[in-house]
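**Q** What follows is each chain in one-letter form.
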Amino acid sequence: MANPNMHTQFHRRCNAISRRDMVRVGSLTALGFGLVDWYRLQAQAESQGRPRAKSCILLWLDGGPSHLETFDLKPDAPLEVRGPFQPITTNVNGIQISELLSKTATVCDKLAIVRSMTSPLGEHGLANQYLLTGYKPSPVLQYPQFGSVMTHLRNAPSVLPPYVTIPENRTTSSGFLGSSFEPFATGGDPSKPDFQVRDLDFFPGVDSKRIQRRREFLADLDSVQASIESRNLPSDSAFEKAYRLVTSSESKKAFDLSDEPAAVRSRYGSKMFGQSCLLARRLVERGVPFVSVMNTGWDTHESLVLKLRDGYSGAKVGVGLIPTFDQGFSALISDLAERGLLDETLVIAMGEFGRTPKLNTRGGRDHWPRVFSAVLAGGGVPGGQVIGSSDRVGESPHDYPVSPNDLAHTIYTLLGIDPHRELYTTDGRPVPVNQGGKLVRELCG
Amino acid sequence: MMKLLILTGLLASHVEMALAVNFDTEIIPVFTTAGCNAGACHGAAAGRGGFHLSLLGANASNDYEAVVHELEGRRINQTHPEHSLLLAKPTGILDHGGDVALDDDSPGAKRLVEWIRSGAPRGEQRKLTHFEITPERYLGTEVPVDVRLQVTARFDDGEPEDVTGWTVFTAADPIAVDIDSQRMARITRRGQQVVIARFLNRVVPIQLNIPFSENPIDLSGEPRANFIDDEVLKILSELRIPISPPATDSDWLRRVTLDLTGRLPDPASIETFMADQDRDRRPRYVESIMSNEAFNDYWTLRFSKLLRMHSQPNDKDGFNAYSEWLREEIRKGAGLDQLAIQLLTAEGDSHIVGPANFGRMINDAREHAELAGHFFMGMRLGCANCHNHPLDRWTQDDYHGFAAVFARLERGRIVSLTSRGAVTNLRTNEPAVPRIPGERDLSGNADFRHDVAHWLTSNENRYFARATVNRLWYAMFGRGLVEPTDDLRETNPPTHPELLERLADDFVDHGYDFRHTLKQMALSNAYGRSGQLIDENRSDDRFYSHAYRRLLPPEVLVDAIADVTGIADRFDGQVTGIRAVAIVDPLAPAPSLDILGRCTKAKECDENSNTAGGLSSQLHLLNGELINRKLTDKEGRLHQMIHDSKSDEQIIRQFYLLAFSRMPITEELHHWSNRLSDSDASERRSKLEDFVWSLLNSRAFLENH
Numbered sequence: 001m002a003n004p005n006m007h008t009q010f011h012r013r014c015n016a017i018s019r020r021d022m023v024r025v026g027s028l029t030a031l032g033f034g035l036v037d038w039y040r041l042q043a044q045a046e047s048q049g050r051p052r053a054k055s056c057i058l059l060w061l062d063g064g065p066s067h068l069e070t071f072d073l074k075p076d077a078p079l080e081v082r083g084p085f086q087p088i089t090t091n092v093n094g095i096q097i098s099e100l101l102s103k104t105a106t107v108c109d110k111l112a113i114v115r116s117m118t119s120p121l122g123e124h125g126l127a128n129q130y131l132l133t134g135y136k137p138s139p140v141l142q143y144p145q146f147g148s149v150m151t152h153l154r155n156a157p158s159v160l161p162p163y164v165t166i167p168e169n170r171t172t173s174s175g176f177l178g179s180s181f182e183p184f185a186t187g188g189d190p191s192k193p194d195f196q197v198r199d200l201d202f203f204p205g206v207d208s209k210r211i212q213r214r215r216e217f218l219a220d221l222d223s224v225q226a227s228i229e230s231r232n233l234p235s236d237s238a239f240e241k242a243y244r245l246v247t248s249s250e251s252k253k254a255f256d257l258s259d260e261p262a263a264v265r266s267r268y269g270s271k272m273f274g275q276s277c278l279l280a281r282r283l284v285e286r287g288v289p290f291v292s293v294m295n296t297g298w299d300t301h302e303s304l305v306l307k308l309r310d311g312y313s314g315a316k317v318g319v320g321l322i323p324t325f326d327q328g329f330s331a332l333i334s335d336l337a338e339r340g341l342l343d344e345t346l347v348i349a350m351g352e353f354g355r356t357p358k359l360n361t362r363g364g365r366d367h368w369p370r371v372f373s374a375v376l377a378g379g380g381v382p383g384g385q386v387i388g389s390s391d392r393v394g395e396s397p398h399d400y401p402v403s404p405n406d407l408a409h410t411i412y413t414l415l416g417i418d419p420h421r422e423l424y425t426t427d428g429r430p431v432p433v434n435q436g437g438k439l440v441r442e443l444c445g
Numbered sequence: 001m002m003k004l005l006i007l008t009g010l011l012a013s014h015v016e017m018a019l020a021v022n023f024d025t026e027i028i029p030v031f032t033t034a035g036c037n038a039g040a041c042h043g044a045a046a047g048r049g050g051f052h053l054s055l056l057g058a059n060a061s062n063d064y065e066a067v068v069h070e071l072e073g074r075r076i077n078q079t080h081p082e083h084s085l086l087l088a089k090p091t092g093i094l095d096h097g098g099d100v101a102l103d104d105d106s107p108g109a110k111r112l113v114e115w116i117r118s119g120a121p122r123g124e125q126r127k128l129t130h131f132e133i134t135p136e137r138y139l140g141t142e143v144p145v146d147v148r149l150q151v152t153a154r155f156d157d158g159e160p161e162d163v164t165g166w167t168v169f170t171a172a173d174p175i176a177v178d179i180d181s182q183r184m185a186r187i188t189r190r191g192q193q194v195v196i197a198r199f200l201n202r203v204v205p206i207q208l209n210i211p212f213s214e215n216p217i218d219l220s221g222e223p224r225a226n227f228i229d230d231e232v233l234k235i236l237s238e239l240r241i242p243i244s245p246p247a248t249d250s251d252w253l254r255r256v257t258l259d260l261t262g263r264l265p266d267p268a269s270i271e272t273f274m275a276d277q278d279r280d281r282r283p284r285y286v287e288s289i290m291s292n293e294a295f296n297d298y299w300t301l302r303f304s305k306l307l308r309m310h311s312q313p314n315d316k317d318g319f320n321a322y323s324e325w326l327r328e329e330i331r332k333g334a335g336l337d338q339l340a341i342q343l344l345t346a347e348g349d350s351h352i353v354g355p356a357n358f359g360r361m362i363n364d365a366r367e368h369a370e371l372a373g374h375f376f377m378g379m380r381l382g383c384a385n386c387h388n389h390p391l392d393r394w395t396q397d398d399y400h401g402f403a404a405v406f407a408r409l410e411r412g413r414i415v416s417l418t419s420r421g422a423v424t425n426l427r428t429n430e431p432a433v434p435r436i437p438g439e440r441d442l443s444g445n446a447d448f449r450h451d452v453a454h455w456l457t458s459n460e461n462r463y464f465a466r467a468t469v470n471r472l473w474y475a476m477f478g479r480g481l482v483e484p485t486d487d488l489r490e491t492n493p494p495t496h497p498e499l500l501e502r503l504a505d506d507f508v509d510h511g512y513d514f515r516h517t518l519k520q521m522a523l524s525n526a527y528g529r530s531g532q533l534i535d536e537n538r539s540d541d542r543f544y545s546h547a548y549r550r551l552l553p554p555e556v557l558v559d560a561i562a563d564v565t566g567i568a569d570r571f572d573g574q575v576t577g578i579r580a581v582a583i584v585d586p587l588a589p590a591p592s593l594d595i596l597g598r599c600t601k602a603k604e605c606d607e608n609s610n611t612a613g614g615l616s617s618q619l620h621l622l623n624g625e626l627i628n629r630k631l632t633d634k635e636g637r638l639h640q641m642i643h644d645s646k647s648d649e650q651i652i653r654q655f656y657l658l659a660f661s662r663m664p665i666t667e668e669l670h671h672w673s674n675r676l677s678d679s680d681a682s683e684r685r686s687k688l689e690d691f692v693w694s695l696l697n698s699r700a701f702l703e704n705h
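Those sequence lines, one after another, are chains A and B. Here the first sequence is numbered in this note's numbering, starting from 1 and rising by one per residue. Here the second sequence is numbered in this note's numbering, starting from 1 and rising by one per residue.
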């Protein structure tokens, strides 16, 4: 085999040569296919496969959505497994998803569905961290989540916060990178007519001249304290970021959903999730690198039909979790595509694990990390494909197991971040962006 | 095919060695070292690929059954051991979901072959009587350095054996310590490194320390207030980390008042303290503030978070009884052992009997056991619901047995023990036998909560004392000796093991009086160091060579802003003038506290909240009502001083004292006098408002340092 360093290089770029190719190249080398040719091959691959994603929208389905009711139905499994919903065909031959995802079925050509996600962690907190960082939680170190890593490495000073979460984050995101890489939480409910980002407007009587003066006074005080402690002042403090945000009219416009035509707003649905997706689109349109949308309630230990489809008992038109997701998600994908933004925006929809294959006695499903699904689109991800599969009853991966670590490796690669790049803890310790994950090449085009 | 031939050839040379291999003590370690019985593989609750082993070999009888008898005995082929599924799968001869887990010429594979060849016996039951790791503590000088790890075990039937190869070593920080297949640990980073060794049911943390500097330092002459300093200095000198000078009196005063009472010291007590020249003034000050109502309020809030106290919908009475009871226990200085017993055993009308609400904060017996484990033992028992805890000693029997202790509890308004109620042990699918975790089953039909309460507060175990002193340490130093503070277990050792034990002893010896322990900490020199960094201790964040900066908790910050500005907050549904620390119910509406990141029911409250100090709270401080409304209030301190014709200097001094607990030095006074003076009254007013605003947004104010 080639030397291990080369091996590493292969994985740095999405479109580089896969391991299978390398085996082939390796054997060719023995037959006289020289290293020079090999490098040429790799250079070609690199020029084609520049990561295209400039931004990322993470739709976090908190609680662990059931794979068996969304993207991985098992119509032929025994009754106690297959659950209440039927699969439907999509606009891609051979791909079926849940009947509750009828709008998503029309954009399947843009989606890559990974049906063989697998993890050993079935507790919300731990699984959350694993999926969002690619690292299994450790008592020694809190690892940072995607958004924090991206904003840490993407040094793009802009008026808008580089990492926005709608409406609030449930977990600490920045880990060892520190609180300056926490996302900016909008608060509120974007579906409400009076939605406003909290505290974005000046307090009455405090104009920009006074804000500027406060900034100068504060700098004086903080430099005194820093010299007492013999520390350096932080280069871009939370205050400086807040200052930039509130003194710009651009930021106010970015968060103003009333600026959108009524037709666009209704396309995303009237629910909080849909309007959050719309806000996410407005933000990436204006160059925000990372937006996460929190969608809670997926921890469905009971009453799948009520929670996933109906939303409330006796509903004529389902407004439960899946139809709500369907509306917002499909609108986001097609809207991004129509605006020419999909190619440079990576969209990820996933939760921390799947649900047990067997329905429990309360008509729900419990935690099941051994196999579940994740959906990716845009950002150079080839659509219209299913990657991996689960077994007959959705219990274990049948082929192509993808760990959260592998997925993280791939997401970073898609975002143009070298997974091997090192980050540093406060005490100067190097920690790679991703450790040991394997590239899911099919996601990379 | 090739592989089979090699394996057969290899077997031939070992035929003579067919010794009786013991399943429980020699085969199970093969599974553990190869990872077969890990939680992600066959050790999962449901097994994997139809083959289930107990997690990390906790249940040898089941494992023997699974290996030898299940699947009509096809896992074992005594005629051709190499054809046994048990070998053919992990060596990769047959397709294996877990890839190649054992090389066919590895000692593990050889041992399996020998064992099968000798008839796959279970073997005699034998007990591990002696277990030794060398080194268990290592102190080096240089990096990188290789340290050979060696493990000796002795069973009750024979001679000491080298079991190094059958022990699993896991580095807590794999980037700093790499352990190769020969059990050589390569340390590449300076500091305190931890490796966990696991053999059968023994789990031992190994400490590998490399000093931060090549030059020894001498801390022997440093003053020591009590045993805390002995232990802290011991590790600092071992790791060669020099210490920062002591904090100034005013810094110490601000720090200790914030830590013990959640408030800034008021100007009068600053003046009294600074004027006091007695050498006992620090102990006297600590004692005096610990008898304040402010202390009671603040510690009621802290304990309420650990107890996950919250109101029930449409039922505030129970919550009020609970929080008033807690506050009263704290006020009268009851030992925490007495508090624990009441929490565990109380019954009756929860609107009257405060501690009876403990079991009403959660929904069922399992959650009751988890909350009890969390609060009383600082442990996360949850993993053991579905499988034995992978990182700790807790088994499913422990978990469900512990839950069974609380199974008969009726959790309505009237809390009582009924005659019915059971918890199903998910391992056996039978009703769980009530059990003191890790200890013994409880038989009979008594109220076992009393047994558990007695056990937790007796000398039999140290969980409660350790968990408590660790949390007190966190409250005073900004970091636990064990982090996170709710995850005490053998595989997550403390930074200062001896210190934790001595603190726990001292706490128990003083009647579980947490004021005593807080006082010990507050008076130690370790606590009294300044936050001023020197080059050689700049990166230290866990050995207490200097004081660590901590953001004020949201409730404390909100109160401090109110105190400095002289305008109290208004909270919906609360009496006028209530302080934020007195709002014990996390569900009581308080938007400012939420934005600043207060602990709510949804969050793990032991953890340090990292969301504080982010952009959202910064925007709130900048544009929100929290500060701005108070600054412009005509009744507020600033406008009153302006109204009373106070000079710029008087205003500057007053607000420095309130916000920073010190007077401005001459340069500061000049600086601000120049910047603030203005002949236009309205311009002067707005400058002064901006000055006070900047004090309240400065790091020196927002942090305890």
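Keep in mind the hints are simulated off the structure, nothing from the lab. From a predicted model like this one, the values you see are computed outputs, not experimental measurements. Keep in mind that the hints are not guaranteed to be accurate.
[What the hints assert, rightly or not] Derived contacts from chain A toward chain B, CB cut-off under 8 Å, selection only:
#1 79
#2 182
#3 312
[Said to hold, decoys possible] Listed below are the simulated DSS-like cross-link pairs for lysine-lysine, each with C-alpha atoms no more than 25 Å apart in a straight line:
#4 A:54 with A:438
#5 B:305 with B:234
#6 A:438 with A:136
#7 A:209 with B:634
#8 A:209 with A:253
#9 A:209 with B:687
For glycine and all other residues, C-beta sits at the position ideal for the given N, C-alpha and C.
**Q** Now, for every hint given, state plainly whether the structure supports it.
**A** Going down the list of hints, with the structure as the test:
With a least beta-carbon distance of about 20 Å to chain B, the hint placing residue 79 of chain A at the interface is violated under the 8 Å criterion. The beta carbon of residue 182 of chain A is positioned within 8 Å of a beta carbon in chain B (closest approach about 4 Å), and the interface hint is therefore held. Residue-level restraint check for residue 312 of chain A is violated (minimum Cβ-Cβ distance to chain B is 19 Å; threshold 8 Å). Proposed proximity of residue 54 of chain A and residue 438 of chain A is supported: the alpha carbons are some 22 Å apart, at most 25 Å.
Taking the CA atoms of residue 305 of chain B and residue 234 of chain B, the gap is about 34 Å. The hint is violated against a cut of 25 Å. Our distance criterion of 25 Å between C-alpha atoms is met by residue 438 of chain A and residue 136 of chain A, whose separation comes to about 15 Å. As the CA atoms of residue 209 of chain A and residue 634 of chain B are separated by approximately 22 Å, the hinted pair is consistent with the 25 Å bound. For the given pair, residue 209 of chain A sits about 21 Å from residue 253 of chain A by alpha-carbon distance, which is consistent with the 25 Å threshold.
Our distance criterion of 25 Å between C-alpha atoms is met by residue 209 of chain A and residue 687 of chain B, whose separation comes to about 11 Å.
Consistency with the previously given hints fails for numbers 1, 3 and 5, ordered from lowest to highest.
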